[in-house]
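Novice: Protein chains in written order, with the working numbering: chain A, 1 to 424; chain B, 1001 to 1266.
Do not take every clue at face value.
Here's a subset of chain B near chain A, in silico, CB distances under 8 Å, partners left out [as the list claims (entries may be wrong)]:
1) V1049
2) N1225
3) Y1257
If you are wondering where the hints come from, they were derived from the structure by calculation, not from laboratory data. The C-beta atom is built at its ideal place from N, Cα and C for all residues, glycine as well.
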Amino acid sequence: MERRLNAELWDKMHYLFRDFNDRMVHVELNYDFIPDIEALKTVIICAFEKAPVLHSKFVDTKISTHWKVMPYDIDDVFSVSYPDNVEEAVEEFLTQYIAPDADIQMKIALFIKDGKSTLCMVENHMCMDGGDLKYFIQSFCENYSKYVTDGISPINFRTGSRSYDDVYSGFSKTEAGAAQRLFKNINAKDNHKFPLTPDNIRDKSFIARRKFDESTFAKLKARGKELGATINELLLASYFYSVYELAGFPASDKVMISNAIDLRRHMDSVEDKGFTNHTSWMQCAIPERGRDIFETIKYVVRSSNKFKKDKFMGLYGLPLLNFGYNILPHAASEEIIKIGYSNPLMAMSNIGLLNGQHFALAGKEPTDAFMSGAVKYKPFVLLTATTYKNVICLSMCVRGNEEDKKIVNDFFDLMEKNINTIIG
Amino acid sequence: MKDFIEYIETSCADLKDNHLAYLYKKKILDEMTDRANEITHAGLKDEKVLADLMADEYPDLKGNFLKFQKEQRKKKLANLLKIVLPVGGLIFLILMFITYFEVSKATRAWDKTWLIIVGGIFSLIIFYFSFAIHKLCHMRRIWHPIARVLIAGCVMLFTVFMFLFWLMMIPRLTFWPIIPGGIILMLVCDLIFAYVTKQKFRTVSCFVYMPVISTMLFIILAAYNIVSWRAGWPIIFLGLVADLIYILLIALSNAKYFMYKQEVEE
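Same shape as in the complex, but just chain A (with noise of 0.2 Å):
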């Protein structure tokens, strides 16, 4: 008999983003051995049952969506490869696109060379976020470990509800009714365009990254305690400084970037919800670009602490989505909130800390640990952070050509410049 699974507001969110990214988010993780193989396809077979969205199809019949669950192989999942040139192969992978309508919405690689291992994964953005992603990462390493040290049967993953409207789990009824009724549209329309060459078909997905050392984070979260900034403030900061002198916007403009931010933090618990989306938007704009970094550090500050203030972070227009997507067929509800939505055209994702102990395989952590957003489409940007063993990760993934790749690695290299002039 047919599974099928309902589509969440979020996932057909996700899927209206089409327009503007490849809904792709990557994993790395990089570790000095090589883990049983045998034992990650069991742990990885028992994912996929208890979390049945990565093993099913996006059907959108104009009238409405759905999930169908599917039958898999987990060869068509897993795949283990002894290339000769391991950074190659991982930036294939993950460069990879996996299709709404595809069997399968996760593809995992272990890539082995000289007793070392690259554990990548690639997912479907419409079955779980970045908070999610980690979480489950984590939950995978938890019953890796346990199945190979223990003999314990790796089926310890979430389970449960998907639905958008979990995020007013935490808050009391009245509250909870006041939210639900946060039909206010906060989409603003920002002109301002991270300065990407024109769409070619010749264009390819890249991830660019750049690291800063465990010193620069040092120094970054001291300068932050003294400057009343947090170290994502302080990053998105020299992001906009960066953008200005890359861009050369005029240092009058108004610009603006959003921020992503877990929704998660309105909720009591997310042990009984199942992998899902809670992520949403908060627009980062400053008046102009400031005389100096600092200035701009306390135009983001000033912003960002009007969006702490609000109890209600984050929800706003999530009714007005769900009656969107509610009155009409699928297809006419798309076009009309493609109306009233604009895509971010630069953002910011700051994953955050990678716990090296939660992505431990039988009691051994990976070296090194990355993840990052979707490859976005021309000319939106999206610049994600994580950080990892006290190395802050910032990565931009872009279907681009050689002169994209020389753009943001300009950015890069001011956003070094900048930072450095923060931490003195």
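Given chain A, work out where chain B should sit, using these hints.
Specialist: Coordinates of chain B only, in the frame set by chain A:
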């Protein structure tokens, strides 16, 4: 498979060993085997993990037995209805025609007894529609509008019969207001259905129906000279007043949410 049998037997140890329990255990075993085959086909080789995964998917076998019992009863009833409904309908029609001929012969009122046939057929249609409505209500929401149409159909059939009955039996009384009365009944039934089954846009339906109901009410009252045709028309506005009161009630119940002030920590 041996593991599954063991698991089912242990979990269902307290159940009475009868045919129903056997059917339940067999159903669970078949389902587990099918799922296990699917998972094995996906590539899982460790049988202990497979057994644990299956046990995790079927955690409360004893508790689910009650559900199974209910399902079985429903199934039996459904099977019975499949026979009873057409056969019963046929018997009803035969009895109806016999009654019609007997009553007509006895009373010689052939000009009125045809109401027995009309009433009988209408009742049979309403009876079948009721089953369809019940079934549609348990289906996905996309089918619910059909149930609403069928409810309207039932009410209109009832109204038409009442109209004909009145026309034939009490011809001296004004009979045509039964039709606007039927419209009121139809709208009220639809609203009850919409609110009980929590249909989308039920509030909109209510807003639209109120003025229609008040207009029909005015026509009925005027037809029986309870109000005059000239002076009674303000009754029509009662619907709009009811709409206004309804809007105010909704606004009042929502006010606490819209007026909600956040307690902000500075």
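Novice: Now tell me if each hint is right for this structure.
Specialist: Quick rundown of the hints versus the structure:
no.	hint	result
1	V1049	holds, 5 Å
2	N1225	violated, 45 Å
3	Y1257	holds, 4 Å
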